[in-house]
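Protein chains: 2
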Amino acid sequence: MVRVVVDVMPKPEILDPQGKAVHGALPRLGFSGVVDVRQGKRFELELEGEATEDRLAEVHQMAETLLSNPVIENYAVTVVE
Amino acid sequence: MVRVVVDVMPKPEILDPQGKAVHGALPRLGFSGVVDVRQGKRFELELEGEATEDRLAEVHQMAETLLSNPVIENYAVTVVE
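Which chain is which? The protein sequence lines are A and B, in order.
To convert, note that position 41 of the first sequence is 41 in the numbering used here; the numbers rise steadily by one, no gaps.
In the numbering used here, each number is its position in the second sequence, counted from 1, plus 81.
A few of these clues could be false.
Distance condition first, Cα-Cα at most 30 Å in a straight line; then the derived DSSO-like pairs of lysine-lysine [what the hints assert, rightly or not]:
(1) K122(B) <-> K11(A)
(2) K122(B) <-> K92(B)
(3) K41(A) <-> K101(B)
(4) K41(A) <-> K11(A)
(5) K101(B) <-> K11(A)
(6) K101(B) <-> K122(B)
(7) K122(B) <-> K20(A)
(8) K20(A) <-> K41(A)
To spell it out: a stretch of chain B is covered by chain A in this simulated footprint if at least three of its residues, at any positions, have a beta carbon under 8 Å from a beta carbon of chain A; those stretches are [stated by the list, open to error]:
(9) 101-107
(10) 110-117
(11) 121-130
(12) 136-149
Everything labelled a hint here was simulated from the structure, so no lab data went into it.
Where a beta carbon is used, it is the ideal one built from N, C-alpha and C, also for glycine.
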């Protein structure tokens, strides 16, 4: 069993209204010194077998077709343990 | 400038309908061998100054009060670079 994490974040040039909302709320809650906030998604996948090259290529395909929108988001795949 | 990542995931004992929906969609898209999917949130914060203990304690407070719901979610704080 392998655990793989796919992090999906809005591209830097894309507006991120969720991140902006969090950023705007921080001073109202008394927090200062935060210059920017970006909000994205984190997927934890548990896969059968080993983290072979083929399995990871498949995870990249999942990330491109289902987990992210490549027009507005970047993703990163990380194998955990 | 410091970049800090806050990962927020549903607690293991909590139902995760978003993760279940992704998990259910994978076989329909031709992907097999995925045992479980959990979906959470990823926040990237850019902070002024250095990652001192005080700053990180503040980030933990942000995570507890604004970024996560401690009743149903766990969070993890990671300093990047």
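Here's how the hints hold up against the structure:
no.: 1; hint: K122(B) <-> K11(A); in the structure: holds (16 Å)
no.: 2; hint: K122(B) <-> K92(B); in the structure: holds (12 Å)
no.: 3; hint: K41(A) <-> K101(B); in the structure: holds (15 Å)
no.: 4; hint: K41(A) <-> K11(A); in the structure: holds (12 Å)
no.: 5; hint: K101(B) <-> K11(A); in the structure: holds (26 Å)
no.: 6; hint: K101(B) <-> K122(B); in the structure: holds (15 Å)
no.: 7; hint: K122(B) <-> K20(A); in the structure: holds (15 Å)
no.: 8; hint: K20(A) <-> K41(A); in the structure: holds (15 Å)
no.: 9; hint: 101-107; in the structure: holds (count 3)
no.: 10; hint: 110-117; in the structure: holds (count 6)
no.: 11; hint: 121-130; in the structure: holds (count 10)
no.: 12; hint: 136-149; in the structure: holds (count 7)
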